[in-house]
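Participant: Spelled out from the first residue to the last, the chains are:
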Amino acid sequence: MSNPLVDMEKPDVIFAIGTNMTECHPVAALRLKKAIQRGAKMIVADPRRIPLAEMAHLYLPIRVGSDVALISAMCHVIVRDGLQDHDYIASRTRESEALFEHLEKCTPEWAAEICQVPAADIEQAARWYGAADRGAIYYTLGITEHVCGVDNVQSLSNLALLTGNLGKEGAGLNPMRGQNNVQGSGDAGGVPANFPGFQSVTDPANQEKFEKLYGKKVDLEKGITKITALNRAGEQIRAMLIDGENTVVSDADRKHGEAQLRKLDHLVVIDLFLTETAEMADVVLPATAWGETDGSQVNTERRVQRLRAAVPPQGQAKPDWWIISQIAKRCGIPGFEFTSAADVFNELCSLSPIYAGLDWDLIERGEYQWPVPHKGHPGTPVLHQGEFKNGRGIFKVIDYRPPAETVSASFPVWLTTGRRLQAYHTRTQTGRTAGIEYLLAEELLEIHPDDMREWKLQDGDTVNMSSSRGSVEVKVKASAKSPRGTVFCSFSFNEVPVNFLIGGGFDPVTETAEFKVCPVRIERTAAPARS
Amino acid sequence: MPPHMTAIEASPTLLTMTLDGEEVSFTRGETIYEVSRRHAKDVPTLCYDPRLDPFGGCRMCVVEVEGVRNPVASCTTKATPGMVVRTHTDALEGHRKTLLEMVVSENRQVDVDPLRGYASQELTQLVDRYEARTGRFRGKKSGTSKTGDPNPFILRDYEQCISCYRCVRVCAEQEGDYAISVANRGFATQITTEFDGLLKESTCTFCGQCVQTCPTGALADRKSLRAEALPGPITETRTVCTYCGVGCAVDLMTKGEKLVGVRPAMDGPANEGALCIKGQFAYDFVQHPDRLKTPLVRDASGELVPASWDEALDRAAAGFVKANAEHGRHSVYAISSGRAPTEASYTLQKFIRAGFASNHVDNCSRG
Ligand code: SF4
Ligand code: SF4
Ligand code: FES
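Top line first, the protein sequences correspond to chains A and B.
Residues in the first sequence are numbered from 1 upward in steps of one, following the numbering used here.
Residues in the second sequence are numbered from 1 upward in steps of one, following the numbering used here.
The following block holds chain B by itself, in its conformation from the complex (with noise of 0.2 Å):
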């Protein structure tokens, strides 16, 4: 142990604290919500995300503190040592159920399509869990619609805002663009670019990070939204982003055999939830019409035509074999793609190396 260090900052195991009457360890500077969490006490948040600054806003993660008088925000709150905090009793399901309606009465709709967003159904599973669908507080509405912003990746739907600033956040603390804002306060608030215009007249990258925070749905996943109309459920594959070295983790949202969207993998170890435009909504092009759907082989015309794969691969494996035995092993070159997978690469250097006793394999140069 370093000397200048005393025996509690050394051994975290030390620093405990009561959670719902059991007695629970922490890390120095973990926040009370963030003990919680790991005790599977599932307190309720909706402006929280893991990634961003804690901000305290909607109040929903609020817990009892003995000896301080009101319920403070657990995502906000640093446990400190012998704290004695309780996250469910019958005063704090009572204010979050309250709470919950207030948000619902300013909406116009609870129930968004779960292609709007990775994070789209956290109000709504909220609102079902505290029962809070009903119409008491018929309050006015804030947030002006900007669904006439014709991007084609960024359903701006203002309606169904809660004022969390997730959005606004993680575009500033996450990707550091600061495209979009929060202008006036209370009913008026609303989430907006410079001079209020399009996101393609501002610093906007389309990486669609504030679409996959927002709790509600209001900025939506357009071009997933494409699919609202397809039957049956999505399922999700996780894989990585097929543009850059970086190599971001994605999970691929399909619905039967049609992909129809792309989410960040928040646990991905390259991009921890963060994409860019290309891996965010580049994806069209595997289920584009131009693809290759037959193999191809000249004719005698010197057209390509569609063939079979027995007679392409015949076809092709000849032209290798003739070179090979009238120009020799040097006279056949292979180059691989740095864009397929390995096992391309492998087998290609494989069938050159193993093939034709030949070093005659290179890459892409443009690394």
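One chain only, chain A, in its complex shape (with noise of 0.2 Å):
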């Protein structure tokens, strides 16, 4: 995020788009109510009817994976509008130019066809954010996982730049990271294209500065990304480390994951469970869960907190560093003779320029949000304050793309997936805590109320939804979240591996799947019990 959380009570106006916050984010949730209650309005873009959206003053449920049409035309009427911020523009950004005359064909009503939302609601919200002192704007997954991730999310930043909302207290672009810590991860240099800190692998200096580091030569390029590395599994990739994450659950098309796991000629997991992942792997190692290990997690808005020990380990677990720098040192590689997380930690902090205002002892409690760049440094909790990092904010010229699978005749209706709020992930966690199954036993797709009488279903009947990678079997409930057309489930549950299903496409950057898109057939699987 852009700016902290505190500031989430403190925009005039707010989008949240492609995010089920009260679900997924809940506690963050709140600081958007609170601004409600002080007076803010709020729109939210998102194909189904969210608890976010009954809240909205705006809602525009817009058809998946239309999210750059309906940026681009908020953009337009801003300019058509001269609602944008002329001098922030001429002191803060780049290429305004090619921006403005492409956002020319981007009128509302082009938007409207694509989205298939009334173009003057489109002309409303791109008015109310335009006109916003602090427009703020928030997204999760429903903006990333599709085949045009990186444009949705830089239409956003054009949005933003345009209006000057970042850089601004209670303003800014705002991602609401959905795991614990996967902005810690990523700080850590768990990316193929970065050293820790961010620092390109590919910038010289960088290279240099990790060559002395790690006493070793440096890749010159970037690695692949997880999606590349499975599909080359058996060919150039043989062995694998997978820390934490049941890759087979929880990634897109499933059957083709597995198949490629099976190819390896070496597979070690590190996991808490025996997770289907696990099963497939030559070695499994047993890590310290949560309350049983010290260590330390980036939040969403890039605050450095302390996770600490409360409990002692099952069994013979040990912490995910200690195993890790067993395997390496085992391999014969040197500079693992970590003996703490604080070690590990420190080693970090000196390496990297967004921690290295900070140490193990600084962390305590959990009061810095980084950049921190040198000791003293209070931290910083809104980013691009005065100026960017890399200068000046760069427009981009983003076209509409369609998803890369739409619906057809053989599969003519939406699917979405996404996360329910007593669920989390593939359930490993979330699956073996008492209780959770009282309000979420089973996985329900969702469809409209309508569309189950003109299909001829009734809560609790079991369909066949099948796309052109496999088929599932699951239950049905009418909810007028679903739009009509458009079916909704979680990827929570094995008995309901919908992932099976998903991955008709990957941006073309990140190669993140399209799991907010998957067109789908739906059928009864056994003849009705009444007619």
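Hints are supplied without guarantee of correctness; some may be wrong.
DSS-like mimics (lysine-lysine), calculated; alpha carbons at most 27 Å apart, straight line [stated by the list, open to error]:
1) Lys-222/A x Lys-389/A
2) Lys-78/B x Lys-34/A
3) Lys-222/A x Lys-322/B
4) Lys-78/B x Lys-329/A
Keep in mind that the hints were calculated from the coordinates and are not lab data.
Need the complex rebuilt from these two chains, each delivered in its own frame; the hints are there to steer you.
Facilitator: Dropping the structure here:
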């Protein structure tokens, strides 16, 4: 997030797009509720009538995958009506001319057809956001898990830059991180393109720095993504170490994923449980769980906080850093003499510019938000104040592209997937919690009541849902949250492995799968018991 | 100083009042209670929760203000310059004791297990402080027990309820859920859901905030109470929720080696005392019997069988060394976790970068 969580109570206009915040980030959503009580206006764009939509002053039920069209049309209206921040554009951005020219054809009428919402509503959204003193944008995977995920984010960035909402208190461009420490994992360099601290692996200065630090020649090229690596399993990729991720259930196109993992010569999995992925491994190593482990964790507002052990490990479980260090040592790799999580964290601080002002003792109370460039620096709750890291904010010309697969005669219904309040990911944890089944016993496919009627379905009926990749059986439930022609289910239940169906396309830059859009066909499994 | 501000507004230190004979400063908008608290006056409260709008229902926090005939509720009265306030006179203490005796006489049980909730000991502590454990007012009891609500998270034991409305207020003001409300008045007062039904059928999200603010244990953490019979003191350890990216700070409650519950950290920077159902209640996985207890390796017949750490780590390492030797440095790949601590990802990427001169590392895509 460009801005801190406390800022969520401060905007005049909230634009929430592709985020089911009350279910996925419930405590952050409380702050939006406070902003609304204070008088803020909220615009929600989401294909599903999620709880946030019920709280909105303007709800745009856009067709799945049509975000770029909506955002471009909002930019069009802002420029047409002169609501842009001229000073900000002149002093802090580049390449506005190209964008303005491109925006001319992105009229609300054009977008209305693609998004399937009234042009007047798009105009209204644009005028509210454009006129706001503090306009804040919030988004989640509803924006990124598309073939055009990067385009979606860049369109939102255009919108925020156009209106001077980046680098301002109570405003900003705010992705909400889904997993507890996906931010920390990226910060630490667990990505193919960056050394720790988002230092590009292709920058010669960084290469030299890490060659010295790690005492080893470094790779001059970016690594491949996880998706590509899986595709190359058994060919280029022969051995894989997977830490704490149930790749098999959580990734797109599950059949393909399983088949690929089987092609590896060597698979090592570190996890708490014998997950579906761990069951395929040659070696499974038991890690300590949350509550048994000391360490650090970084939240969505870049706040670095301490994790503390409260109970002893189960059985012989060991901390992840210990396990990985032991493997490294036994491979003969130097530099793994760590004796505690503090050792590891302090090494990370020593070579990451955004953590340079931190150490293990300083994060004791969790008051720092990175970047903390030097000791004594108070941290940076609001990013981009005064200046962008690379000078100026750059506008990008983005064309709308349809999803990789669109509905057709054989797959006439849109499936979109996501999470539920009471379940987390593949339920390896919430599924093992007493009481959760009282609220969420099984996965139910949500279908609009009129579609239920038209397709002659009743609550609890079982259907066969198929895409070009496979099919699953799932029980159905009428829900006005789903728009007509679009159905929803979560990916949390192994009994309903929807990820077998998904995987029609990937974002060309991030290779994130299009989890949010998949054309499917829905058929009753058995003849109905009634006429 | 901006021109429209007066000297007093711009320098709050100039605002002063007299508190128990001492001149103290305050900032505009502070209540008498907040000023007293900053000066460690220990004014007792029951219906007060610093996160909620002042309510003024219980009258425990009353103080004397010179020139005002009746004592005023300090939690709802704003401090004003020159005000002279007394917080602990004999009359006030007598009033507080009587109030507590009335409350106690209405209540079945003063001593409740601290596992019930964060604030569950507030009434007990006040009763002890004011030696108010008498049976003087053998009055009627208010509220009807809803212990029949089978939800596994929140025990609704309204026999203990003192109608402070903290639960109702936290649900409305903090959560914006409005799942519970107050029905009737006086002795018939009752905390209820719409149509007097089960919480599951209301808009309740089971965030547990009502449990944590209840000063009597009338609303209680049913999951924690599973450990009521376990011996030993409760220890608290500060950590951060393991589910989503909000990063709510929590205190883990343990008895011996058993994890028995989670409390929201009222001073948590991201959550300021709030939690959702996952952070509040979804912790059983930690000590679940399904946890892996030993390393496993695949044996000759293809089965995963328990192994020693030494054996398993050697097997793990050998496979990477072999791949590297036979197929080159780019044949090894690692996937780091967005769920594990940062130290896990750091060591994993170093393993790949320093070990194989490669950038073949990625984390989960479901950011
Ligand atoms: S249930 Fe607890 S918090 Fe709610 S009114 Fe009664 S005593 Fe107060
Ligand atoms: S308590 Fe809920 S909102 Fe807070 S970090 Fe945990 S899952 Fe997220
Ligand atoms: S605490 Fe002030 S009236 Fe209850």
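Participant: Next step is simple, just say for each hint if it's right about the structure.
Facilitator: For each hint, the structure was consulted:
The hinted pair formed by Lys-222/A and Lys-389/A meets the criterion: a straight-line CA distance of about 22 Å does not exceed 27 Å. This hinted pair checks out: Lys-78/B and Lys-34/A have alpha carbons roughly 23 Å apart, not beyond 27 Å. A threshold of 27 Å between alpha carbons decides the hint, and for Lys-222/A with Lys-322/B the separation of about 23 Å falls inside it, so the pair holds. As the CA atoms of Lys-78/B and Lys-329/A are separated by approximately 64 Å, the hinted pair breaks the 27 Å bound.
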